[in-house]
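K.L.:
The lines below spell out each chain.
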Amino acid sequence: MKEKKVIISNKLGLHARAAAKIVTLTNKFQSIIEIVNNGKKADAKSIMKILMLAAPKGTEVTITASGKDEIAAIKSLEKLIEAKFDEES
Amino acid sequence: MTIGLLLITHNDIGAQLLLAAKSTYGSIPIRTEVLSIDHYDQPSDLTKLTKQYIKLLDQGNGVLILTDMFGSTPSNIGKEFSHLKSVNIVSGINLSMLLHIFNYPKFNLKELTAKAIEGGKNGVIQIKNERKKSNNIK
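Taken in sequence, the protein lines are chains A and B.
In my numbering, each residue carries its 1-based index in the first sequence increased by 14.
In my numbering, each residue carries its 1-based index in the second sequence increased by 1173.
Think of the hints as simulated: they come from the structure by calculation, not from any bench.
Owing to the predicted nature of the structure, the values given are computational and were not obtained by experimental measurement.
We treat Cβ as the ideally placed atom computed from N, Cα and C, and that holds for glycine.
Check each hint, because a few of them may be wrong.
Claimed, not checked - Cβ-Cβ distance ranges computed for the label pairs, FRET-style:
no. : chain 1 : residue 1 : chain 2 : residue 2 : range
1   : A       : Ile21     : B       : Gln1189   : 29 to 35 Å
2   : A       : Arg31     : B       : Lys1301   : 20 to 26 Å
3   : A       : Glu74     : B       : Ser1255   : 47 to 53 Å
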């Protein structure tokens, strides 16, 4: 299993459109991918579970991936979050 | 191949929810049609239209009908097709329900029906937070 800490840095936090981008990305991977916020775990392939984290800007989350493509999955998700979901230029 | 989705709602509720879901995902992964019902619409016309939409949407995997309120005309119109094996109907549409459904476009009719109910119910939450003193309303 691979894991990485990332800070949600876009203005709107993990809102619906950001969560939709996450599930669109994570569903391309076979690994089990989760986002952990303050001990609360969410399946990163489910938009509802991500929204339930209610993570605003500034939240530090841990992303974890477990499976054949875990390294690529972690890297891609980290890149998306760090790019602020391409919402801000 | 995906199932077909039909939203039967009062006025533009379905269309607006679909619009919001589309702007969230960027696109809609399931073929979806909307039937907006106004108070002057004749039930017999609505039944005919629903029948046509089901025929259009069913590509062999069935059709899931979502309506807004149980017991209201949209739900009652949908109910007329509940005897069909290829049609499932769920009331209480909300944005959580739609977003949850579009999360699983490859699911079959039975699985997506369960997802619709799960997404719709899980989206209803009392929102609590630490109250800030400055926001207190006297």
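K.L.:
Each of the hints needs a verdict: does it hold here or not?
P.N.:
Tested hints:
1. A:Ile21 to B:Gln1189: 29 to 35 Å: For glutamine 1189 of chain B against isoleucine 21 of chain A, whose Cβ atoms are near 34 Å apart, the range 29 to 35 Å holds.
2. A:Arg31 to B:Lys1301: 20 to 26 Å: 24 Å, holds
3. A:Glu74 to B:Ser1255: 47 to 53 Å: Since glutamate 74 of chain A and serine 1255 of chain B have Cβ atoms about 48 Å apart, the given range 47 to 53 Å holds.
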